[in-house]
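Each chain, written out:
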Amino acid sequence: MTSLLSRPSSWVPLLVLLLLASVPFVAEATGQTFYIAFFARIIIYAIAACALNIALGYGGLVSFGHSLFLGLGAYAVGLASFHGVGSGWVHLLLCLGACGLVALVTGAISLRTSGIAFIMITLAFAQMGYFLFVSLKNYGGDDGLSIALGSRFGPVDLSSATSVYVAAFVVLVLSIWWLARLRVAPFGMVIRGAKQNARRVSAAGIPVVRYQLLAYVMSGMLCGVAGLLLANLNAFASPSTLAWSVSGELIVIVVIGGLGSVFGPLMGALVFLGLEEVLKGFTEHWMIIFGPLIVIVALLGKRGIVGLLERFDARPTPEATTPAPVDDTATARHAISAAKGSA
Amino acid sequence: MSSTVVLAQLLNGLQYGVLLFLLAAGLTLVFGIMSFVNLAHGSLYMMGAYFAATAFQYTGSFGWAVAAAMGGSLLLGLALEFVAVSRLYRRDHLDHVLATFGLVLFFNELVRIIWGSQPVFLQVPEFLSGAIDIGGFSYPSYRIAIIVVGLAVAVGSWLLINKTKVGMLIRAGAVNPAMVAALGVNIRLLNAMLFAVGAMLAGLAGAMAGPILSVQSGMGESVLITTLVVIVIGGIGSVTGAFYAALIVGIVDTMGRVFLPFMLRQVTERSFADAAGPALASMLVYLLMAVVLAWRPQGLFPANR
Numbered sequence: 000m001t002s003l004l005s006r007p008s009s010w011v012p013l014l015v016l017l018l019l020a021s022v023p024f025v026a027e028a029t030g031q032t033f034y035i036a037f038f039a040r041i042i043i044y045a046i047a048a049c050a051l052n053i054a055l056g057y058g059g060l061v062s063f064g065h066s067l068f069l070g071l072g073a074y075a076v077g078l079a080s081f082h083g084v085g086s087g088w089v090h091l092l093l094c095l096g097a098c099g100l101v102a103l104v105t106g107a108i109s110l111r112t113s114g115i116a117f118i119m120i121t122l123a124f125a126q127m128g129y130f131l132f133v134s135l136k137n138y139g140g141d142d143g144l145s146i147a148l149g150s151r152f153g154p155v156d157l158s159s160a161t162s163v164y165v166a167a168f169v170v171l172v173l174s175i176w177w178l179a180r181l182r183v184a185p186f187g188m189v190i191r192g193a194k195q196n197a198r199r200v201s202a203a204g205i206p207v208v209r210y211q212l213l214a215y216v217m218s219g220m221l222c223g224v225a226g227l228l229l230a231n232l233n234a235f236a237s238p239s240t241l242a243w244s245v246s247g248e249l250i251v252i253v254v255i256g257g258l259g260s261v262f263g264p265l266m267g268a269l270v271f272l273g274l275e276e277v278l279k280g281f282t283e284h285w286m287i288i289f290g291p292l293i294v295i296v297a298l299l300g301k302r303g304i305v306g307l308l309e310r311f312d313a314r315p316t317p318e319a320t321t322p323a324p325v326d327d328t329a330t331a332r333h334a335i336s337a338a339k340g341s342a
Numbered sequence: 000m001s002s003t004v005v006l007a008q009l010l011n012g013l014q015y016g017v018l019l020f021l022l023a024a025g026l027t028l029v030f031g032i033m034s035f036v037n038l039a040h041g042s043l044y045m046m047g048a049y050f051a052a053t054a055f056q057y058t059g060s061f062g063w064a065v066a067a068a069m070g071g072s073l074l075l076g077l078a079l080e081f082v083a084v085s086r087l088y089r090r091d092h093l094d095h096v097l098a099t100f101g102l103v104l105f106f107n108e109l110v111r112i113i114w115g116s117q118p119v120f121l122q123v124p125e126f127l128s129g130a131i132d133i134g135g136f137s138y139p140s141y142r143i144a145i146i147v148v149g150l151a152v153a154v155g156s157w158l159l160i161n162k163t164k165v166g167m168l169i170r171a172g173a174v175n176p177a178m179v180a181a182l183g184v185n186i187r188l189l190n191a192m193l194f195a196v197g198a199m200l201a202g203l204a205g206a207m208a209g210p211i212l213s214v215q216s217g218m219g220e221s222v223l224i225t226t227l228v229v230i231v232i233g234g235i236g237s238v239t240g241a242f243y244a245a246l247i248v249g250i251v252d253t254m255g256r257v258f259l260p261f262m263l264r265q266v267t268e269r270s271f272a273d274a275a276g277p278a279l280a281s282m283l284v285y286l287l288m289a290v291v292l293a294w295r296p297q298g299l300f301p302a303n304r
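If you're matching them up, the sequences are chains A and B in order. Mapping to numbering that gives the first Met the number 0: the first sequence position 279 is 278, numbers consecutive. Mapping to numbering that gives the first Met the number 0: the second sequence position 119 is 118, numbers consecutive.
Careful, some of the hints might be misleading.
[Unchecked claim] If you want the footprint, here are the derived chain B segments under chain A, 3+ residues with CB under 8 Å:
#1 24-37
#2 104-113
#3 147-153
#4 178-191
#5 240-251
#6 258-267
[Claimed, not checked] Computed, partial: chain B to chain A, Cβ under 8 Å:
#7 L93
#8 F100
#9 V119
#10 V123
#11 E125
#12 A274
#13 A293
#14 P296
The set of hints was computed from the structure by calculation and includes no laboratory data. Every residue gets a Cβ at the ideal spot worked out from N, C-alpha and C, and that includes glycine.
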């Protein structure tokens with residue numbers, strides 16, 4: 000226990016999780032049920048950010064189109080409910096199937112490129128999705144689609160904010176646990192290695208692109224689950240979920256939290272949406288403050304909140320004092336210049 | 000479907016294409032030389048349009064409006080380069096995306112504070128408000144003027160890049176920036192200059208587009224994303240590529256929106272065509288980009304490497 004207490008980068012996020020677990024009880028007791036929906040949104044964004052963290056943080060794949068999967072997840076509920084299907088299992092199957100398939104196809108095409116072109120092509124695919132749903136006039140088009148039938152998983156009905164909250168919380172805890180396992184699993188090692196130096200991993204006889212594609216597909220599917228929960232929370236599926244700014248927000252959340260860290264997405268979502276809410280209280284023009292803040296975060300570097308907390312971590316054993324991952328950008332740059340030199 | 004409709008839509012596509020080129024020219028060079036992802040380029044376009052609208056309100060002269068747009072966005076581009084962008088060149092693309100995304104949010108809100116959230120109107124100048132008769136059908140002379148200005152900028156930039164010493168450095172920089180720097184050229188100054196000139200062209204595009212689109216907060220985003228498509232299709236760092244790609248994208252997008260629903264109606268049921276036509280039309284340029292990238296990841300007209 001003392002070892003945990005000496006590591007704020009672990010106990011602070013765990014404390015946050017514990018507090019999040021108590022939110023429904025406190026909110027019900029005090030009658031402030033608004034906060035259930037608010038924190039449910041934070042949790043859902045944290046799940047989506049966890050998903051993006053697999054591709055972006057672990058794999059170094061700068062996807063600027065993850066709103067596509069969030070939207071697909073939301074519309075899996077919306078379209079099924081529109082046609083009178085309320086079964087959560089069908090929704091989940093549709094969501095995972097659609098996101099998996101779309102991620103597989105778009106990922107396979109996108110991974111033929113790298114660098115700027117990868118950012119642009121993922122953005123283009125998300126825009127395609129956006130315009131597709133905008134022009135589906137039968138399903139609400141621009142205005143979106145309200146969802147009469149929430150997802151019903153047997154006895155669990157996701158039509159109230161509290162039930163969505165509980166479901167989202169469980170998914171978040173599972174996602175974080177999964178992310179922690181994935182980070183140190185051979186699969187995670189391969190994609191993290193490929194982020195630093197793809198040629199070297201490739202030279203070790205590992206089919207890098209296949210691993211990256213799988214990471215992209217898993218990332219898309221988890222993001223879809225976040226979309227499914229979001230649609231249930233809002234009882235609404237809207238093309239604005241697929242807007243390019245949503246992809247940007249997800250990237251900001253992952254980076255604020257701490258790129259490639261296990262708890263980063265949770266902390267990032269908490270700070271991003273919390274700050275948004277606080278600033279909105281001061282002025283309707285909150286983005287005038289928020290925009291420059293994002294610029295400053297970008298200028299300062301990207302260790303994020305978890306990186307900040309790690310500074311306070313006690314370092315009892317020599318092997319724990321691994322050098323700060325500052326030099327992994329240096330390695331990456333080295334790899335990039337090596338790759339450029341041979342091109 | 001008469002040939003005049005086709006011709007009119009071709010001209011519309013051409014006009015959209017040259018506007019895209021004005022945006023793409025500066026952006027592709029900054030991409031090519033410093034490999035910098037600038038999402039805020041659309042904001043410069045938006046600011047240009049607002050500068051033009053404001054100058055027009057005070058002076059009543061379209062010439063001053065264009066001058067204000069170009070001058071204002073040139074200065075804004077220089078300031079941006081100095082304050083934020085120049086500090087980010089050595090970082091990776093993720094930081095570029097993050098910082099310029101923040102700038103987009105900032106500028107969108109800034110214009111909402113200064114000019115309000117209602118669209119601002121910019122009139123077509125009097126001497127261009129008429130129509131020109133081309134082979135039996137009339138076409139608005141303002142749109143012709145846009146095409147002429149766009150083509151003039153294209154020719155001008157071609158001359159600058161292919162016939163001058165600065166142009167030689169730009170071309171060299173797009174191929175191998177490290178080598179050019181090693182030869183004693185101040186590549187960062189060159190890039191700052193290019194960034195500012197690119198900003199100026201974006202401002203010009205904003206001013207030119209002002210009278211035919213509505214000048215409002217967020218107007219830069221959709222055009223920025225289309226510009227990114229242009230750059231990727233054309234090949235990053237290649238101005239010639241950006242020119243051809245801009246015309247292709249402009250014409251494909253315009254023609255697709257007009258004729259695709261008709262064409263679908265010929266081959267499928269009406270109800271399906273009515274639903275799928277507009278959807279497919281608005282996705283067309285992105286499909287084009289996906290096909291191009293899947294086929295030639297380096298773009299159609301890459302800078303010679």
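Let me make sure I understand: some of the numbered hints might not hold for this structure. Which ones are they, in numerical order?
3, 4, 5, 6, 9, 10 and 11
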